[in-house]
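J.: Sequence:
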Amino acid sequence: MTVPYVLLVTENVSNASITELASQGIEVRHTALLTVPQAKKAAKYHYTKLRLWSMTEYDVIMYLDLDILPLRDLTPLFSCGSFCATFRHSDKFNAGILVLKPNLTVYDDLIQKAPDLPTYDGGDQGFLNSYFNELKYTPTFDHTHPDDQKYQADQRRLSSEFNYDIGMYYLNGGKLLVEPAIIHYTLGPTKPWLWWTYPLFDLNIHWNNAR
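Residue numbers (UniProt numbering): 1 to 211.
Keep in mind that a hint or two might mislead.
[Said to hold, decoys possible] Pairs of lysine-lysine, BS3-like flavour, derived with a Cα cap of 25 angstroms:
#1 Lys191 <-> Lys40
#2 Lys150 <-> Lys136
#3 Lys191 <-> Lys175
#4 Lys101 <-> Lys113
#5 Lys136 <-> Lys101
#6 Lys136 <-> Lys92
#7 Lys92 <-> Lys41
[What the hints assert, rightly or not] Per label pair, the in silico range of CB-to-CB distance:
#8 Ala32 <-> Val178: 33 to 43 angstroms
#9 Thr144 <-> Asn15: 37 to 47 angstroms
#10 Gln152 <-> Ile61: 19 to 29 angstroms
#11 Val13 <-> Asn172: 30 to 40 angstroms
#12 Gly173 <-> Leu104: 39 to 49 angstroms
#13 Asn208 <-> Ala16: 20 to 30 angstroms
#14 Leu194 <-> Ser159: 27 to 37 angstroms
#15 Leu104 <-> Val3: 16 to 26 angstroms
Calculated directly from the structure, the hints in this document are not laboratory data.
We put the CB at the ideal spot given by N, CA and C, even for glycine.
Taking the hints into account, I'd like the entire structure generated from these sequences.
T.: Rendered as structure tokens:
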């Protein structure tokens with residue numbers, strides 16, 4: 001399977017940054033910013049993520065936030081269904097990694113409902129949890145047998161190894177609860193591209209090793 005690595009950028013990304021990204025072999029695509037009136041200031045343009053459903057030139061899209069680091073092959077996840085996400089430590093899924101099938105009917109419906117559906121965090125994650133509110137009742141995708149699922153479903157949950165919150169690692173005394181396939185660096189200002197975080201957060205070394 002050939003999977004292109006595509007980075008969506010908006011008009012507030014500089015030409016110098018785009019040139020640098022393209023020099024690393026990344027396919028850079030421009031998209032227009034999207035927001036809704038009720039979005040909190042910090043999450044004002046996070047609704048731009050909804051543009052993913054309009055990209056019907058792709059059969060399936062795996063979306064990754066920029067503070068996510070894959071540690072192993074994620075190809076099996078492309079078989080999970082029309083919409084898949086991870087519930088990490090509540091009945092709300094995290095929108096930092098999503099697997100979805102683009103669909104213009106769904107896209108138009110998302111755009112229509114975005115101004116009205118509630119969002120618990122004032123951003124896209126809360127809205128998507130309202131829109132896909134049945135996801136928490138779906139079976140978990142068995143990535144070890146991607147084409148032979150025990151339970152049939154169009155949407156599926158992803159296990160926590162595919163969106164491992166480093167906050168849970170440190171709350172557990174520096175012990176892994178699962179063997180992560182994806183590390184999500186969720187601890188606010190302590191992102192792994194900041195040099196001063198390394199003496200404090202040992203999982204940041206994975207990011208440095210991948211550079």
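J.: With reference to the structure, classify each hint as holding or not holding.
T.: Cross-check of the supplied hints:
1. Lys191 <-> Lys40: holds (22 angstroms)
2. Lys150 <-> Lys136: Holds. Lys150 to Lys136 sits at ~17 angstroms (cutoff 25 angstroms).
3. Lys191 <-> Lys175: Status holds; Cα separation ~19 angstroms.
4. Lys101 <-> Lys113: The hint holds at about 19 angstroms.
5. Lys136 <-> Lys101: holds (18 angstroms)
6. Lys136 <-> Lys92: holds (8 angstroms)
7. Lys92 <-> Lys41: holds (21 angstroms)
8. Ala32 <-> Val178: 33 to 43 angstroms: holds (38 angstroms)
9. Thr144 <-> Asn15: 37 to 47 angstroms: holds (44 angstroms)
10. Gln152 <-> Ile61: 19 to 29 angstroms: holds (22 angstroms)
11. Val13 <-> Asn172: 30 to 40 angstroms: Since Val13 and Asn172 have Cβ atoms about 37 angstroms apart, the given range 30 to 40 angstroms holds.
12. Gly173 <-> Leu104: 39 to 49 angstroms: holds (48 angstroms)
13. Asn208 <-> Ala16: 20 to 30 angstroms: holds (24 angstroms)
14. Leu194 <-> Ser159: 27 to 37 angstroms: holds (29 angstroms)
15. Leu104 <-> Val3: 16 to 26 angstroms: holds (22 angstroms)
No hint from the list above goes unmet by this structure.
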